[in-house]
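Quick mapping for you: the protein sequence lines, in order, are chains C and A.
All residue numbers for the first sequence refer to our numbering, where the first residue is 1 and numbers rise by one.
All residue numbers for the second sequence refer to our numbering, where the first residue is 1 and numbers rise by one.
Where hints are given, some of them may not hold.
If several chains are the same, the list does not tell them apart, and a pair holds so long as it fits within one copy or across any two.
Under the rule of at most 27 Å between Cα atoms (straight-line distance), these lysine-lysine pairs were calculated in the BS3-like manner [claimed, not checked]:
1) K180 with K212
2) K389 with K50
3) K306 with K50
4) K257 with K291
5) K91 with K313
6) K261 with K333
7) K180 with K115
8) K115 with K31
9) K261 with K313
10) K333 with K393
Think of the hints as simulated: they come from the structure by calculation, not from any bench.
Protein chains: 2
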Amino acid sequence: MGSVQVSDLKKHLGETVELRGWQYNRRGSGKLLFLQFRDGSGTVQVVVSKKDVPEDVFETAKRIGNESSLIITGLVTEDTRSALGVEVQLKTLRVLQEVHDYPIQITEDVPNIDKLLDVRHLWVRSRTPHAILRVRSEVEQAIRDFYYQRGFVLFDAPIFTPASCEGASTLFEVPYFEDKAYLTQSGQLYGEAGAFAFGKIVVFGPTFRAEKSKTRRHLTEFWMVEPEVAFLELDGIMDLAEEQVRYVVCRVLERCKEDLKVLERNTAILEKVAEPFPRVSYSEMQDVLQKLKAEFAASSDPELVKLSADILKNGLGDDLGAADETAVGLHYKRPVMIHRYPSAVKAFYMKRDPANPDYVLCVDVIAPEGVGEVIGGGQREDNMDLLMKQVEKHAIPLQSINWYLDLRRYGSVPHGGFGMGVERCVQWITGCQHVREAIPFPRTIYRTNP
Amino acid sequence: MGSVQVSDLKKHLGETVELRGWQYNRRGSGKLLFLQFRDGSGTVQVVVSKKDVPEDVFETAKRIGNESSLIITGLVTEDTRSALGVEVQLKTLRVLQEVHDYPIQITEDVPNIDKLLDVRHLWVRSRTPHAILRVRSEVEQAIRDFYYQRGFVLFDAPIFTPASCEGASTLFEVPYFEDKAYLTQSGQLYGEAGAFAFGKIVVFGPTFRAEKSKTRRHLTEFWMVEPEVAFLELDGIMDLAEEQVRYVVCRVLERCKEDLKVLERNTAILEKVAEPFPRVSYSEMQDVLQKLKAEFAASSDPELVKLSADILKNGLGDDLGAADETAVGLHYKRPVMIHRYPSAVKAFYMKRDPANPDYVLCVDVIAPEGVGEVIGGGQREDNMDLLMKQVEKHAIPLQSINWYLDLRRYGSVPHGGFGMGVERCVQWITGCQHVREAIPFPRTIYRTNP
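Chain C on its own, in the form it takes in the complex:
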């Protein structure tokens, strides 16, 4: 008898099958035991009836602790109350390893996330992280399929780089033989070289920021997808970002139904991605935020009143703050695109808006529900002289950026793209509280273990 997967059990209704996996939990005692049995593909209830199995089997099933590894056989019967539609009546039980002191308790009212992250290698077996990380896996494959189907060439940017793209203060420096190197903060500059070679490319890999911020919103190591397209201008970049976010969210809604149920995710707000994303300029958004500030201040909800105080705290011309992004999410209730920020708050490579050179042709996508910016991108400065001015203004060492300037010397064309942080996206889709839960082994200023 070959073994079957829990997720396939429904196809074996009425059959006796072999299952291989672990005891997730157990209840019952006297004459009837109910094992929650997991094998990674799903969890099924296994009923152990004292009258149907030899006494030693019943005693073993009663004794072993959670996460004992087992090979069992049993009859698959219908169970309309379970998500799978089936349960299993135990026939035989083989214990590979009997466990008694598994360090994670299933029923912790207020989970201590730091304590759980200390045993992340075990915690990933639990229902919630299991569901979140299955969604992450689907999100990443959806992203890869989205670009592959559209003819983008996957273009892996290097991790070791000679210089900074997003600011030297958050660079990880690595001793590199007799020299030194830096861990990439973004593959974009390399992606631009790729776009000029392949027309449209996508970079997708881990990126690194030595974030000293202790807000716990940040990871030092996170995955980013960065498409870059030759001859694509701001409107097209916004179209691409919107289409990609919609594709990914719809695919999770379609293929991760059970996981979203486990997470008790309210999917109504996710389903709103089907509607067009509002596109609002930074300048227009200032007015919107003014109105929201007044509206929230007058609210009877003390949370909103509190939020109101922090709206537009940064002042005109500055980047938006976390409260602004939260307010935008509350107002529009779906992803919002904010375009044309003041050039002063954006990176050196962003293209000036010909209509008003104090602003750049950029776009941020803000996810609702307090998640904030999930995408940042825009058109790149394709004019060599204007780009050089910015390189000088930002005091970027010429010898480290000279190769990049070659892209403007030899066949420069309008182009652009964006970067989406995978963990932020997963955090939003799953509704998990901490971005640290959206990656298998999160790395922060405090943690490189396990």
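Assemble the complex: chain C is given as a structure, and chain A must be docked to it using the hints.
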């Protein structure tokens, strides 16, 4: 008129279309110019006829250098000699940037790879690297599809790790705030935690080895795919490796025909992956190599005689050498699986063969044509006591490996997997000479630039 892609031109036969891209090359002079026009999706010949265009257009077309960026319009006509089946009769020409001093010459008889890698950001536009990297993109998507279709969960292992898996001498150490961390050499140990949570997972990301070897066969940064499966034993691991290699190679043969033509790749040897891969134990292989050594020594081919001298140089009980792998490839002419190596030459986590504990239940896959090992893997030691002995023998610090030992404390089961280096695989499939050509921006002991 919307612009079209070169790769779609055949659909527009008889139409006047707009193309956006770059001049790749030009020949002709007097009355007829032939531009090779590329847009990343392909290259098409554009005919500029003096009698059909205004004089200034002809003069411009005659003057501009390679990699000038252009927007052109022209009539799509049939051309049976071209791979695309079409060429374009130029009507209008708009020069975005006129280039005259593009640093790469198209026709270099003996390309100087080091010089070309200095301008890798431009070299990726050239025919050969363009084709190799398109194959790489297909290989990576094929790998992702292979595992996704089989229900594997993508499980991103961390890049920052607390300790070494493959040997401390090749670790990159990174100052990490007040502490230090190490760049991952393999995601396997984390993948094992994932397999116990999800049943079957795949890790796929960059890995790092501070290889001081100057053989140029090594990269300091390379991508590795590492499936890991609970309850999978050696035979199943070999089945999975064989099936995956076959899937990837067949998919490239099917979808990258034009790229393989550009690379003048002899695909006959690739097509042999359809046949079963020989599975030979290390001990049996010693006999095979003895015979090959004698056979090659008696050959009339001086290359084989030379190779013969290096066969079995390492002696019984040692790992195979490069000459051994080359000989194996020459003999079998397709990927070969060598299993059950002496435990002394393999990593601490490999499971002992119960039939002979001097050997481990491992497998290496050797690609032919001198490429050598592309896959290494096997069953992991699932017995806590036996594993502890190896940890002690290898003097692995307990505090850095303790979390991993938890996987043997709490529900240990038989399991295994393997790692395949993407660049080696791409090198073999494309037949490129240097592994450095198989990644967009190769990193070696000498190079972190551009």
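Hint check results:
1. When the C-alpha separation of K180 and K212 is checked against a cutoff of 27 Å, the pair qualifies both within a copy, at 21 Å, and between copies, at 15 Å.
2. When the C-alpha separation of K389 and K50 is checked against a cutoff of 27 Å, the pair qualifies neither within a copy, at 81 Å, nor between copies, at 41 Å.
3. For the identical chains of this complex, K306 and K50 are neighbours neither inside a copy (59 Å) nor across copies (73 Å), given an alpha-carbon limit of 27 Å.
4. Proximity of K257 to K291 under the C-alpha cut-off of 27 Å is found in neither arrangement, the shortest distances being 37 Å within a copy and 59 Å between copies.
5. Proximity of K91 to K313 under the C-alpha cut-off of 27 Å is found in neither arrangement, the shortest distances being 66 Å within a copy and 56 Å between copies.
6. In this assembly of identical chains, the alpha carbons of K261 and K333 lie at most 27 Å apart only when taken from the same copy (21 Å versus 51 Å across copies).
7. Proximity of K180 to K115 under the C-alpha cut-off of 27 Å is restricted to the inter-copy arrangement: shortest distance 22 Å between copies versus 35 Å within a copy.
8. In the homo-oligomer, the alpha carbons of K115 and K31 never lie at most 27 Å apart, since the shortest distance is 36 Å inside one protomer and 78 Å across protomers.
9. Taking identical chains as interchangeable, the C-alpha atoms of K261 and K313 are never at most 27 Å apart, the minima being 38 Å within one chain and 60 Å between chains.
10. In this assembly of identical chains, the alpha carbons of K333 and K393 never lie at most 27 Å apart, being 38 Å within a copy and 58 Å across copies at closest.
Comparing the model with each earlier hint shows violations of hints 2, 3, 4, 5, 8, 9, 10; every other hint is respected.
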